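**Q** Following the hints, position chains B and C against chain A.
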Amino acid sequence: MAMKSSSARKERQVTLADIPRVGPGTPAGEWLRKYWLALSTAEELYDIPKAVKVLGEELVLFRDLHGRLGLVGLHCPHRGTSLEYGDVEENGIRCPYHGWLFDVSGQCLEQPAEPKDSVFCQKVKHLSYPVQELGGLIFAYLGPQPAPPLPRYSCLVDRGGMRQIEPVRTNDYNWFNFFENSADPCHICILHRHTGYGEQSWGDQFFSYTDMPDFDFVETDYGFKVVMTKPGPSAGTEFVDTMSLALPCIIQVGDTEFVHAKVDAVKLMTEGSHCDHVLFLTPNDDEHFTIFTVNYYTGSDPNFFEKLKALRATEVPKEAVKEYDRRKYMPFKGNVRQEDIMSQSTQGLLGEREERLATSDKGVIMFRRIIRDAIAAAQKGQRPKGVLPREKSAAVVFFDSFTGVRKAAPR
Amino acid sequence: MAMKSSSARKERQVTLADIPRVGPGTPAGEWLRKYWLALSTAEELYDIPKAVKVLGEELVLFRDLHGRLGLVGLHCPHRGTSLEYGDVEENGIRCPYHGWLFDVSGQCLEQPAEPKDSVFCQKVKHLSYPVQELGGLIFAYLGPQPAPPLPRYSCLVDRGGMRQIEPVRTNDYNWFNFFENSADPCHICILHRHTGYGEQSWGDQFFSYTDMPDFDFVETDYGFKVVMTKPGPSAGTEFVDTMSLALPCIIQVGDTEFVHAKVDAVKLMTEGSHCDHVLFLTPNDDEHFTIFTVNYYTGSDPNFFEKLKALRATEVPKEAVKEYDRRKYMPFKGNVRQEDIMSQSTQGLLGEREERLATSDKGVIMFRRIIRDAIAAAQKGQRPKGVLPREKSAAVVFFDSFTGVRKAAPR
Amino acid sequence: MAMKSSSARKERQVTLADIPRVGPGTPAGEWLRKYWLALSTAEELYDIPKAVKVLGEELVLFRDLHGRLGLVGLHCPHRGTSLEYGDVEENGIRCPYHGWLFDVSGQCLEQPAEPKDSVFCQKVKHLSYPVQELGGLIFAYLGPQPAPPLPRYSCLVDRGGMRQIEPVRTNDYNWFNFFENSADPCHICILHRHTGYGEQSWGDQFFSYTDMPDFDFVETDYGFKVVMTKPGPSAGTEFVDTMSLALPCIIQVGDTEFVHAKVDAVKLMTEGSHCDHVLFLTPNDDEHFTIFTVNYYTGSDPNFFEKLKALRATEVPKEAVKEYDRRKYMPFKGNVRQEDIMSQSTQGLLGEREERLATSDKGVIMFRRIIRDAIAAAQKGQRPKGVLPREKSAAVVFFDSFTGVRKAAPR
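Listed in order, the protein sequences are those of chains A, B and C.
Numbers 1 to 411, taken from the numbering used here, label the letters of the first sequence in order.
Numbers 1 to 411, taken from the numbering used here, label the letters of the second sequence in order.
Numbers 1 to 411, taken from the numbering used here, label the letters of the third sequence in order.
Errors might be hidden in some of the hints.
If several chains are the same, the list does not tell them apart, and a pair holds so long as it fits within one copy or across any two.
To be verified - Computed list of lysine to aspartate or glutamate pairs in EDC-like fashion (alpha-carbon distance at most 16 Å, straight line):
hint, residue 1, residue 2
1, Lys333, Asp87
2, Lys328, Glu354
3, Lys385, Asp221
4, Lys123, Glu323
5, Lys385, Asp286
6, Lys123, Glu133
7, Lys53, Asp172
8, Lys318, Asp211
The hints are simulated quantities; they were obtained by calculation from the structure and are not laboratory data.
Everything numeric in this text was worked out from a predicted model, so none of it was measured.
The shape of chain A in the complex, shown without the other chains (with noise of 0.2 Å):
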């Protein structure tokens, strides 16, 4: 009785409130633990230990002088102390206060105070999960076994383009206000219009704010899509971008050339997008979460990374200032990821923070839905959408992100 009692309180249904909790033992928090998720870049993984936080627990990250990854407990099973200041050695990684030495499978080697005959060491494993790096990211599976396949993103996966890994980021609020966002393309219209949107060179100014794209919102085996599309520059054409969210919480944006480079647009729009811009969220806790960001450019200026960068140099804030403005998050209006970070960290948490929802945010119904049924079928020990069956492990797996221009869609 007692175990239908908890596997009945287990199985509840999954509300919005849960949406936004990570820890463990937390109904999304268990769905996360299905799925790889990002910790590092491996460009940032230095010779001496990382401590990271990931949905919630305490870890720390480090590659022994062969080169394997290791993750394991922040705190040394035998007196607790942080391994975080412990000596990363050819075997593993040492801890400061009695030397207890663990391999990258927590596995402990050396207790260099016991008595030379002792064999206490091999009965003591440490909390470790595996880890794997792909194309410059470093994954770990923090879920019970057996882990699913790593997907092989087609991002992080060499196809002959170039790949460009940006520094980490992390922000102070719930990781899902940043992702649900993103199935919300309204807010590129109204929150963004003073980056520039409406007024550069892409067709016909596409996210205008008087004159917004149509949005259609798909469900797809990865997760969602929101398709945007707008009358093309000749009869029975559209301007098609499109936006892809993958389960459990990458982002993949296809019109990064249209956006930020506003180069050439009548050329662009004929062969289409070359540059995948993918962020990989992984929340830290309930109150943090860190994006890893990934450019795959497949296009042909070999230039393309730099003038990137030098475009996105002149994205700053171009409000003036007054001098009675304290407000905290001042200026932010010129710089996408400052309106973002404005707007959604005042949000509050999702299910705590009152909401009236209308017509436009129709896309965010949808995706919230489809993130509690993916909660619900990690409850109910199913597979949830995103996680690979293990016979698929090999396939590289592509976002169907699409921006150019098309023949236009029966209206």
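**A** Just chains B and C, lined up with the frame of chain A:
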């Protein structure tokens, strides 16, 4: 039965511990919501939204381009983004995230991402409170409708004198420690003896540490009055100084010229004081309150405020702070406001701290009783002291402070 | 029945989780209240009140102008203002708010605002604890009367040597992590191997990482002793180093000259150490403790303390901190005190953290048992270890540390 039980709970005996707590649903919070409270000076409300916290509620104050004052909930009712970052427009305030526009009544006027024929915005009414400006201060009423009249406080209603509003001060302790401090006149002779009260030129050194005045306490229609007397300059006369405490949270000090200006005592004594020094307190939450200070002068010196300012500038703490002295509130002696902050901020919360009250706390005891009666009246749905009946809305509200020499009262 | 139940609760089994919690009413808090605890050095108690937190209680320490020491509750019993801002006078401390004067026993002597014939002050007795000065340290007793004698600790009672009291240190983690660290001698060979323990000139490199001494642990009348031995310089001798842990919270290290001074090993070895290094710990609350450090030297070098200070000044962390290393406690290697802070402050609270104890934790296990027994004894109303019986109040209390060469014990 549930109703009766709920009602019984609501009308339980008001305790001392109820007084300092101001949040929604608390006895004192509901009582304070029966009054207009000061929010800002008109001067410090600029052309940008101003976030304010009042009685634990997060709100945003603004003035639309027609000059209308609005006070609405801080978070947009749509998806929660802070309206502190909104654009102030001709007809209201516009949320930065999706552009919803609200007028000063909270009515939603525009939703730019909704279909052009949508009437949804007509159904969205954001939290909003009435606001009024009077004599350079902006007041709001956070209670149930109908709102009582905003009292025409004499210091704010022009009657031929000069008015000065000081820069706003916010302190980080409970508001009631500050308020009841004024019902306790003997602290002036003790805590403030370092400020020169006992050494000034006024008459016989009215607030002497070793020869304190007589204190009397009177309940009034507006609240409470402290009457301090000493034998006067000639037989059959007495010096009188009064201080008024008006509900819910106003203090009027009548002796500004004597205490601070320290000019020609004989002349002043025969004429009485010409300057009201009035403090409007607003509890932000249980740990913070804001002080709005109004000086109203009706004397003949056209440079009175300049002189007062110059004199106050000299009232800095006179203590030499020793090199090993790391105490937080040092130095304080020699400046009334810093002396008050030191002594009140370290008291802790009324009802939580232990106390041993003495004869000299007679005023405090009586004043707390008056406040508890007012809270109880509010609980019973009666009109608490200090709330004006509608038929008196046109009257100027005087607090009958008097400072000067009068015929001695019989003893 | 209620009594019995309450008593049963009070005398429940003492657990590891009880040890670190020191507030009033906790098992360890009540146990610690059976002892005199150090509060301040005499040198750092100036002519102003000193706020101190001891076992979770907020107090203020002062010395009246007659030189009498007082320790009273931080908040004035009248209306709660902090006596930290009081005036120290001939006969006590005077509250700044209403001038109540308290003597060192907490007796109220004056209430200047009360009627001249009032006797109310006689009825007001503020919280007060006994205080005593011994050898440059100020101790207080916070427990029930009668207070036991303040032990005449040998390092504080002049017997012809030189005494030095170091500047006081306060750390922000639980006191017991620091205390039990001394019951764990193998950490010296491991954590502190970077400080040069293994490379110094003392005999056969006593604290070698690769050839650790033998450790033995002895329960004593004052608490606990760690005995560390290695084969001596000639047949039939052994090097001995001992460390004493006296209840409730005193550590005596005997090897100062060997470890720190690194001078003429042979001469020192034959003579034994002449310097006691004694640490008196005082828990401020569960997250902070203060260390009072006494060095007592009985050797022949008149410049010993100057040399010791000069040597310590060289013990700075030797690590080159990499440019990308942002870890909080970096650098630490090369300075015993910073190595200790790094390892102990990251452990978390005993009883909350997970642990896997090993053979080398034998001392820690035994020491925790001694502490739990002492707490249990205090619960039962018995005299816990380290509390002196009154008849021994005149005796000098030695902790029998010994460091040097002795005839080898039989093995």
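**Q** All hints, please: hold or fail.
**A** We went through each hint and held it up to the structure:
no. : hint            : result
1   : Lys333 / Asp87  : between (45 Å within a copy, 11 Å between copies)
2   : Lys328 / Glu354 : neither (23 Å within a copy, 39 Å between copies)
3   : Lys385 / Asp221 : within (7 Å within a copy, 67 Å between copies)
4   : Lys123 / Glu323 : neither (64 Å within a copy, 38 Å between copies)
5   : Lys385 / Asp286 : neither (22 Å within a copy, 46 Å between copies)
6   : Lys123 / Glu133 : neither (29 Å within a copy, 52 Å between copies)
7   : Lys53 / Asp172  : within (13 Å within a copy, 22 Å between copies)
8   : Lys318 / Asp211 : neither (23 Å within a copy, 64 Å between copies)
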